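Peer 1: Chain by chain, the residues:
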Amino acid sequence: MAEIRVEQLRKEFGSFTAVQNSNFVVEDGEFFVMLGPSGCGKTTTLRMIAGLELPTSGRILLGGEDVSQKRARERDIAFVFQLFALYPHMNVRKNIGFPLLAQGMQKAEIRKQVEEVARLLRIDHLLDKPVSGLAGGDRQRVALGRAIVRRPKCFLMDEPLGTLDAEFRDLMVHELRELHNRIHATTVYVTHDQHEAMAMADKIAVMNHGVIEQFGTPQEIYDRPATMFVADFIGSPPMNFLKFGATLARGDRKVGVRGAEIVIPELREDAGEAEYALGIRPEHIRFDDASRLRGAVYGAEYLGTTQIVAVETADGMLKARVPADQTVKVGEQVGLALNGARLSVFEKASGRALRTALHDEALRSHAHG
Amino acid sequence: MSASAHSVIEPSATSKRVAGAIVILYAVITMIPLFWIIATSFKTPPDSIAYPPKVVFTPSIEGYCNLFTTRTRQTAEYIQSLPPATNFCDETTRKRNMVIAGQSNFLPRFVNSLIIAFGSTFCAVFLGTLTAYGFSRFKVPLADDLLFFILSTRMMPPIAVAIPIYLMYRELGLSDTALGMILLYTAVNVSLAVWLLKGFIDEIPREYEEAAMIDGYSRLQSFWKVVLPQATTGIAATAIFCLIFAWNEYAFAALLTSGTAQTAPPFIPTIIGEGGQDWPAVAAGTTIFLVPILVFTILLRKQLLRGITFGAVRK
Ligand SMILES: Nc1ncnc2c1ncn2[C@@H]1O[C@H](COP(=O)(O)OP(=O)(O)OP(=O)(O)O)[C@@H](O)[C@H]1O
Ligand SMILES: [Mg+2]
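So the protein lines, in turn, are chains A and B.
My numbering puts the first residue of the first sequence at 1, with every later residue one more than the last.
My numbering puts the first residue of the second sequence at 1001, with every later residue one more than the last.
Calculated from the structure, these hints are not laboratory results.
Quick caveat: nothing in here was measured; it's all calculated off a predicted structure.
Wrong hints could be hidden among the right ones.
So the derived list for chain B, only partly shown, Cβ under 10 Å to chain A, looks like this [said to hold, decoys possible]: (1) Pro1205; (2) Tyr1208; (3) Glu1210; (4) Ala1212; (5) Asp1215; (6) Gly1216; (7) Ser1218; (8) Val1226; (9) Pro1229.
Yeah, the Cβ is synthetic: ideal placement off N, Cα and C, and Gly gets one too.
Build out the structure end to end from the sequences listed, making use of the hints.
Peer 2: Below is the structure:
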């Protein structure tokens, strides 16, 4: 196992830049998820770490060793492909043992190790079956087995659950994380599904158009999105935005949105006069008739313990997550109170989040460990 | 595939019967020459030229005897003085006042055909697979132009270049050699092989090789262990096409081979009997000539049927 360090990694295809100067560190034994919409360069980054694609510039260090220009087979990593790439002309046992065969391992030893891995993944009863007849989940396990059996420096997985149906996916998310907890392998996992990312990751990098927009723990990314893109991409429903124009300065604790004074975490930087957006998670909105921020209930989506209520305001639709037992009537006028301690402020033009007291908290919690 | 994927309207019993009849009729018409050849090979020479043609006749293997032997005419006294005939061929030959003088050239010509056809097929498929893999997986500069150029070698009938090749081969000492014929047929077939195989290899996802390379294999090893086993269908189909061409090729063989490297197609029509063509022997040669390609096709028919859809059917 080893740490993966990516420095200024860049990949161009002709005039198109698929990955722009990425930097991140995956610590030894960490489960790292690269999350982003389709075409944002996740697979390209992963393939460069694997050695299937050479970077245009930048460095990749595996356990401190620069492998940027090394061949895939010299890097000692394992890759799980989206379509699993199980060799159709071999049975399950041969598929799992294939990487060991490359190392010139003795037949008996291969047998032993393959069976051990198969037991770990609970597919030992399938060992002598052809791979063509396997169900999606079992194919997935065989692909994992082929990756694990070699005890590589790290695992790379490219949307390995992408082709499974929803029900099965939840099961495999759980299984994968459990497996990781047992073997503690450094893992880079690519997905466009935020639920998978949130459920499994120690650290997440959110990518968009080849740029890493934010790198952090799932909590950091959810609570303190660094950009409007991240705020919008993560969370369902995503973060609400209230637009306003203002002149903001260090120490400000309130902003005015259409006459309503809204408390925000204290600003830690001077931002000047510009268009801004207030970012509000649905769970940080509650109904309060005293509030001057008002709107009409547009609809409600019942989720069991909570419900998502859409409220049409003069500044657009806001979605609030409120307890399921609260009665709401469509068309009713309601006042909305915001949890001032948990709001984000974005500069609209760049999409960047301004530094606020919210981030002190992060610094403190970092300092504490 | 479910029934609904085919046709919404189930054909009526009558139209099925009509369609069946047409298929059978067509099959019979195309098979008649083949049956005729096989029947002729089992006729005696007088039966083979009888008019009206004999459909019912007593089968004889005289044609096959004549195919494999050369015979000389002898006086009746000389034949009487010989020890009794020990096999059927001796006996029939003596009845026609002849004795077997030796082996004919058919067997060596047939062996030539085998060596040249299988040799050139192997070369064409081998080169074709490597070339197709290269075009399929790597960024080859001017790939499209090169592929078009490769295809363009098929655009004129090969025989159009017969005279230059004849002269070239004479200069190079390749005339009437098996090597020369293998080179020639390989050159003709390799473009077909590249195009067919590129289609098949394009169909094999790159992930398989990439997985193998990550798992510690070199590109060549991944090609050998992962790509080739999955390309067998395409390789079999391509091999049959190449083999059929090389096996049946007549014009170049007639032009460039006359002796030691002569193949069966130009040899068979030259089988001469007493007073003209020996039709049963010619038919026997043709019948035997059909066997290898038939066996090869039957052996590979599963791959061929799948391969002929050019990868449209997924594994
Ligand atoms: N070999 C290539 N040549 C040219 N462009 C490429 C190549 N590979 C990828 N790209 C482009 O780079 C961009 C990023 O691709 P990539 O496959 O990394 O996206 P992704 O984030 O994995 O998306 P998805 O979720 O769809 O898999 C895409 O716009 C893609 O078209
Ligand atoms: Mg991808």
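Peer 1: If a hint holds in the structure, say so; if it doesn't, say that too.
Peer 2: Each hint tested on the structure:
Because the smallest distance between the Cβ of B:Pro1205 and any Cβ of chain A comes to about 7 Å, under 10 Å, the interface hint for this residue holds. For B:Tyr1208, the interface hint holds, since its Cβ comes within 10 Å of a Cβ in chain A; the closest pair sits about 5 Å apart. Taking 10 Å as the C-beta contact cut-off toward chain A, the hint placing B:Glu1210 at the interface holds, the least distance being around 5 Å. The closest approach between the C-beta of B:Ala1212 and any C-beta of chain A is roughly 7 Å, which is under the 10 Å cut-off, so the hint is satisfied.
Interface hint at B:Asp1215: satisfied, since its Cβ lies 4 Å from the closest Cβ of chain A, which is below the 10 Å cut-off. Interface hint at B:Gly1216: satisfied, since its Cβ lies 3 Å from the closest Cβ of chain A, which is below the 10 Å cut-off. Against a cut-off of 10 Å between C-beta atoms, the interface hint on B:Ser1218 holds, since the closest Cβ of chain A lies about 7 Å away. For B:Val1226, the interface hint holds, since its Cβ comes within 10 Å of a Cβ in chain A; the closest pair sits about 6 Å apart.
Hint on B:Pro1229 holds. Least Cβ distance to chain A is approximately 4 Å, under the 10 Å limit.
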